[in-house]
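Peer 1: Model the full assembly from the supplied sequences, consistent with the hints where possible.
Chain by chain, the residues:
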Amino acid sequence: MIARLLPVLRALAFVLLALLLCGAIFELAGYSSLLMFQSIAEGAFESPEAAMNSLRWALPLFVTAAGVVVSFRCGFFNVGAQGQFYIGAIGAAFAVEWLNGAPALLVVPLALLAGIAGGLIWAAWPGWLRVRSGTDEVITTLMANFIANLVLIYVTSGPLKDPSGTGQVTASRPVAALYRISDSGGVSPVILGLVLMTGVLLWLLVNRTAFGVLAGLAGRNPVMVAWQGAQTGRLGLAGFLVSGGFAGLAGAMELLGPNGRLVSGFLPAHGFTAILIALVAGLSIGGVAVVALFFGGLAAASLYLPVIAGLPAAAIDIINAAIALFITARAWPRGRWFLRRAT
Amino acid sequence: MNDLLALILQAGTPLVYVTMAGVLAQRAGIWHLGLEGLMIAGACAAVLVASAADSLLAGMVAAMAVCVLGSALLWLVIEKLRANPIIAGLGLTGLGLGGTDLAVQAVFDSEATVRSEVGVPRLGAAFGPYAQLSLLVLAMPVVVFALWLLLRRTRFGLRLAACGEHPFAARSVGVDPQRMRLLALALGGVLCALGGTELALGSLQLFSVGMTAGRGFMAFAAVIFGAGHPVGAAFAALFFSVVEALGIKAQLMLGQALPHDLLLALPYAATVLGVWISGRLRGGAAATGFAELRDY
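Respectively, the protein sequence lines represent chains Y and S.
Residue 1260, in my numbering, is where the first sequence stops; the numbers in between run on with no holes.
Residue 515, in my numbering, is where the second sequence stops; the numbers in between run on with no holes.
None of these hints come from the bench; they were simulated from the model.
A few of these clues could be false.
As the list claims (entries may be wrong) - To spell it out: a stretch of chain Y is covered by chain S in this simulated footprint if at least three of its residues, at any positions, have a beta carbon under 8 Å from a beta carbon of chain S; those stretches are:
#1 945 to 952
#2 1048 to 1058
#3 1236 to 1246
Unchecked claim - If the Cβ cut is set under 7 Å, some of the chain Y residues that face chain S in the computed set are:
#4 F994
#5 F1063
#6 I1064
#7 L1067
#8 I1070
#9 Y1071
#10 P1229
#11 A1231
Every residue gets a Cβ at the ideal spot worked out from N, C-alpha and C, and that includes glycine.
Peer 2: Rendered as structure tokens:
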């Protein structure tokens, strides 16, 4: 019991350390860190509406993060969740555009599938390059994110442009109300069902299939797994595809759900936050469910801060980044006994 | 032709400086993904301090201080807390991007671009089409050569390479790999500050939030493309800016015929291509190779 709790405690300790660093940065910039953290808590959890809002942000983050868990377990640093999320949303938007007029029971599943397909494509080429040619996947997926962002700008200002739109950010034509799976509140039976399905499917995949077990081993010791006759390349590519597919699904969910249209540069921190969630949760699907709620709260607060508290939303980016800085740390400076035993 | 060359040098110089920082870290055995964050932190500090103190020197010193501090933080987390360098580097990048956003808002109250009156001195009218280039462009080849000298022709450089390739061997002759990595990262911080200064004060004389636009990651890709060799990596970085400059040229010549946003993606695509080629050249395919490199 103690042995299982220790990693959790350690993760908490490092999150606290990260928050301390954030506090120092806020103070340096001339903001009261106490006020900042208080406002963040208000924006995330204080009222029932705030808690509901946090859930709204936690749901798509959970789907993407649970997918990221699979590729990280395979030992591949697929940091391209953001791009896969965007391309998924774009795929779903095109599906809705082409099938406009057909019954919703047909369009919605097809649009979700198109989202998954978009995410798959955007994960497939970096994964394939990695497995076939040893091309470093960290760089290719990062570059894929930048390219996906430009593709999104191109699509919203070209093929799918909303002619009535004005102002600096471009957006696509809104999805017809008929095909929406939730209102802008973002919590609806369909979305909850999809999220639940994702959680169950990925939990089974990771914990109850040969693929999940092999992938976990390959992530820790690829040489051994290769010597045992498993094809690590194939495992890695499959991990890439699974994570890309779910990121794409999250994109499609955002489009058909709370967003209702493509907006250039929407949810810019989604992919990075999802990767953080996967790491803070120690690459376990159950853990992701809990941690996603916390980061969903932070995401909700990043909208609350500038509007109501009059504080810059960049504070949330800083908190996320500081947590990323520390979360993979494995030891204290001198390796205290209680932490050393856990590793 | 001349103005194209000037464009390439202007776009490429910040990238080359940051690439050199990446080369130092790579030689010491650290995959440095915090370059983007250090570069933007350097650019922001340079502009804020230079315009406040009305002195270029103050701006550059501030940029160096910030970047060296950031590098030291990364070193602490990677070496002393044994964090994963890739995730920690991405965290440092996020900290740089968010921190500069916060700093600009704290000082100027609105999310806007900050202009600076002072800039790096230019070459001047005597140089014809190159008049707009800053002195840091002129210094760039010197820095690359000096780094080559340092890494390939001195005791320090050989020891640094040993720390990167075989830390145990380095330790056996009494070299402390952790300390060498701190030195490499700190020196890299100075180079990142130069790159950031050139980016913000070299030609534009302004800072805007997120202005690095992935250049730090491109610099890291140039390190991989150039196999960790200073001169090779510098040419790789220049290759990326050639692609960027050609994209701008194509835009000017073809106008609306090509979608503007997709042309902007060219340098990123070239980066993927470069890393793919270098992977092929070195026999790639090994599913384990990079994981081992990363793991300490």
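Peer 1: Next step is simple, just say for each hint if it's right about the structure.
Peer 2: Verification of the hints:
no. : hint         : verdict
1   : 945 to 952   : holds (count 3)
2   : 1048 to 1058 : holds (count 9)
3   : 1236 to 1246 : holds (count 10)
4   : F994         : holds (6 Å)
5   : F1063        : holds (5 Å)
6   : I1064        : holds (5 Å)
7   : L1067        : holds (5 Å)
8   : I1070        : holds (5 Å)
9   : Y1071        : holds (4 Å)
10  : P1229        : holds (4 Å)
11  : A1231        : holds (4 Å)
Hint check: no violations occur; every hint is consistent with the structure.
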